[in-house]
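Chemist: Just so you know, the sequences run in chain order Z and L.
Under the working numbering, the first residue of the first sequence is numbered 470, with each subsequent residue one higher.
Under the working numbering, the first residue of the second sequence is numbered 420, with each subsequent residue one higher.
To be clear, the hints were calculated from the coordinates, so they are not data collected in a lab.
Keep in mind that this is a model prediction, so the values were computed, not measured.
Among the clues, some could well be false.
As the list claims (entries may be wrong) - Keeping only pairs whose Cα atoms sit at most 20 Å apart, straight-line, the calculated DMTMM-like set for lysine to aspartate or glutamate is:
hint, chain 1, residue 1, chain 2, residue 2
1, L, K452, Z, E582
2, L, K785, Z, E582
3, L, K452, Z, D631
4, L, K786, L, D725
5, L, K662, L, D725
6, Z, K691, L, E427
7, L, K430, L, E448
8, Z, K691, L, E423
Each chain, letter by letter, is given below.
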Amino acid sequence: MTLLCFDDTFDGFLTLIFESYRLKIIPDKIIGKSEEQLFLFSRPVFIPAEAEKSDRVWNKIIERTSKDNADRIYRVFMSEVPGSRMLIYEFIRLMTERNYNIEADFTLRPVLEINKLHRKVAREADRIRMFTRFQKTAEKSYFAAFSPQYNVLPLVINHFTDRFSDQEWIIYDLKRNFGFYSDKKETSRISFTDLPVNPVNGQLYESFHDPEERSFQELWRKYYNSIKIEERSNYKLHRQMLPRRFWRYLTEKG
Amino acid sequence: MITEKIFEKLKILADSAKYDVSCASSGTERPNKPGMIGNASAWGICHSFSEDGRCISLMKVMQSNNCIYDCAYCVNRRSNDHPRASFTPQEVSDLTIGFYRRNYIEGLFLSSGVLRNPDYTMEQMISTVKDLRMRHSYNGYIHMKVIPGCSRELILEAGSWADRLSVNMEIASEENLKFLAPEKNYEGILKPIRMITDRISENREDRRKCRKVNKFTPAGQSTQLIVGATPENDRTILSLAGKLYSHRKLKRVYYSGYIPVNDYDRRLPVLSSPPLQREHRLYQADWLLRFYGFSVDEIVNEQHPDLDLVFDPKMNYALRNPELFPVDVNRADYQMLLKVPGIGVHSANLIVSSRRYSRLNSDHLKKIGVVMKRAQYFITCNELGPLRKVTGLDPELVRHLMLSGQKPSGAIQLPLYQPAELYDKYLK
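Make a model of the complete structure from these sequences and hints.
Modeler: Written out as structure tokens, the structure reads:
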């Protein structure tokens with residue numbers, strides 16, 4: 470079995486594709502560095518990331534299809550779903566083999582699969598825009614934490630940077646243990662070893678909260694409960710729109 | 420400072436505002452400006468969903484639920500014995516900004532009962548919105564109710580602060596409006612609607628000449644109609660909606676299934692539950708008007724003045740016009756694909772782009788997301804069952820098969836309890 474291994478970044482992944490073409494190796498599996506120890510008998514070939522090579526693959530995708538399609542591929546990569554990397558690999562193979570732009574030819578399995586998965590990731594990204602809940606801290610900055618299903622935080626961070634440009638904030642992915650910090654001027658990636666956060670609901674410990682934070686959370690719960698119309702109760706729809714897995718991080722469901 | 424009183428007021432004034440269905444935050448794309456808080460996204464963002472499944476996007480709240488009017492359908496009518504409260508402009512703007520900074524909401528939806536007179540009420544609401552924009556440097560979304568009867572100047576000012584304005588029509592015929600709300604009339608409601616429409620188009624012209632002119636209600640205006648409190652049929656309601664879309668350029672018409680809030684009032688019907696299915700069908704019809712290129716007459720007409728509660732409006736259209744079907748998915752134009760039950764905007768787009776490369780069969784259609792359960796009767800693709808291809812479409816049979824939940828893939832098995840005349844037709 471041919472195993473190719475990359476450094477877990479998107480750049481590394483694109484470099485791997487470049488090298489597989491250059492060296493004419495067709496991988497059976499593409500694995501990230503973090504999964505390397507899962508393989509006992511096969512020796513994965515590690516391919517280090519090179520910006521120049523990954524750029525060439527990225528530009529090729531845009532050239533042969535479109536920028537939208539390239540973004541779709543990036544989103545599929547961020548899904549971290551098993552098989553998604555081979556899916557992208559198959560897509561790129563088809564893209565180079567066919568003499569037309571395949572991005573809208575849904576009769577090809579990888580094209581359709583890429584589209585389906587990209588929609589799922591985009592949906593999760595939307596949900597992060599919707600369901601992120603900031604807590605005001607004693608230092609007058611804002612903090613939010615949760616565990617998205619796919620690695621979508623990097624996809625939505627621009628939205629928060631734009632919207633909350635006059636406040637200091639941190640948004641943290643508890644599952645992947647990284648987040649973003651904005652100091653009103655710049656947004657940068659951060660990682661903590663010991664966050665003063667209750668992992669169950671993403672709430673900071675009480676002593677870190679602004680004195681009015683509790684009241685605001687209480688007000689929001691009050692509002693949430695006043696706005697529902699009893700005669701129209703529809704729990705099925707409610708759960709469909711507001712999936713259970715988000716409830717523990719949502720102020721109104723606390 | 421948050422006091423016990425604020426809690427109480429929020430409870431009362433959110434409770435009073437909840438019967439307004441509009442919660443959309445879409446229609447304006449406005450990036451953040453340096454030093455300001457917030458932006459507006461063109462698609463709108465929901466932030467939560469209440470237990471009735473409705474989206475919570477805006478903080479929907481009333482400036483006050485005191486009202487000088489006595490409209491039969493309204494929970495805040497002056498003769499109701501109901502807890503009353505009023506927010507000061509600062510209280511609303513502080514709450515809004517507190518919620519907004521925590522990403523609970525996408526913006527503010529401000530409504531009000533009529534205090535003293537329309538102008539006074541409008542002034543109160545404007546000072547709230549102004550406070551929010553000026554003192555808090557708020558750049559997010561605002562939806563404001565316009566109180567019919569207020570002066571033109573106040574409407575113009577409201578529209579310069581808000582993203583969307585709305586005037587609720589509530590009842591779809593003037594006669595019934597006067598019956599339930601003797602203090603109101605259509606002219607009074609239509610006047611501000613016209614004024615807003617005209618000002619929006621003037622503003623668009625002005626902005627074409629000079630980009631520096633500020634936008635006036637960039638997200639347009641909307642209205643709401645209560646369904647089921649009065650005996651209008653769906654044709655009346657949809658014709659009104661159609662006119663509001665075409666003549667008055669409204670962005671949205673909302674339909675609100677009547678909830679018996681004042682069941683003691685003899686002028687109102689007694690309902691065991693709100694007409695939610697009818698409301699749902701009206702929204703489907705509304706979608707057909709706005710996104711599927713249907714006209715009102717294609718959805719409801721003299722013979723069928725009401726929407727069918729069993730089948731959706733598009734299905735009914737197809738069943739009433741069998742001569743248009745079956746549609747060949749490999750050749751039909753986009754507009755025709757949109758008329759096929761089970762094919763939506765998304766799948767129609769995918770069909771059009773995919774069929775350039777190869778002929779589509781039912782397998783492709785399924786993967787594309789066409790709802791074959793409905794679409795199968797109305798399309799032909801590369802391969803299709805002989806029955807439908809030879810005999811074309813028989814509305815009666817389709818109706819029957821849809822209701823019995825049969826899967827007629829391949830040969831259709833006629834159920835035993837089928838009406839005799841259908842037997843004669845198909846088993847001959």
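Chemist: Could you run down the list of hints and mark each one as holding or not?
Modeler: Quick rundown of the hints versus the structure:
1. Distance restraint check for K452/L and E582/Z: the Cα-Cα separation of roughly 39 Å exceeds the 20 Å cut-off, and the hinted pair is therefore not satisfied.
2. Taken as a hint, the K785/L and E582/Z pair is honoured in the structure, with Cα atoms around 13 Å apart against an allowance of 20 Å.
3. Proximity of K452/L to D631/Z is assessed by CA-CA distance (about 9 Å); at most 20 Å being required, the pair is judged to hold.
4. Distance check on the hinted pair: K786/L and D725/L sit about 34 Å apart at the alpha-carbon level, beyond 20 Å; violated.
5. This hinted pair checks out: K662/L and D725/L have alpha carbons roughly 18 Å apart, not beyond 20 Å.
6. The straight-line distance between the Cα atoms of K691/Z and E427/L is roughly 9 Å, inside the 20 Å bound, and the hint therefore holds.
7. Between K430/L and E448/L the CA atoms are separated by roughly 31 Å; this puts the pair beyond 20 Å, and the hint is violated.
8. At most 20 Å may separate the alpha-carbon atoms for a hinted pair to count; K691/Z and E423/L meet this at roughly 12 Å.
Hints 1, 4 and 7 from the list above are not met by this structure, while the remaining hints are.
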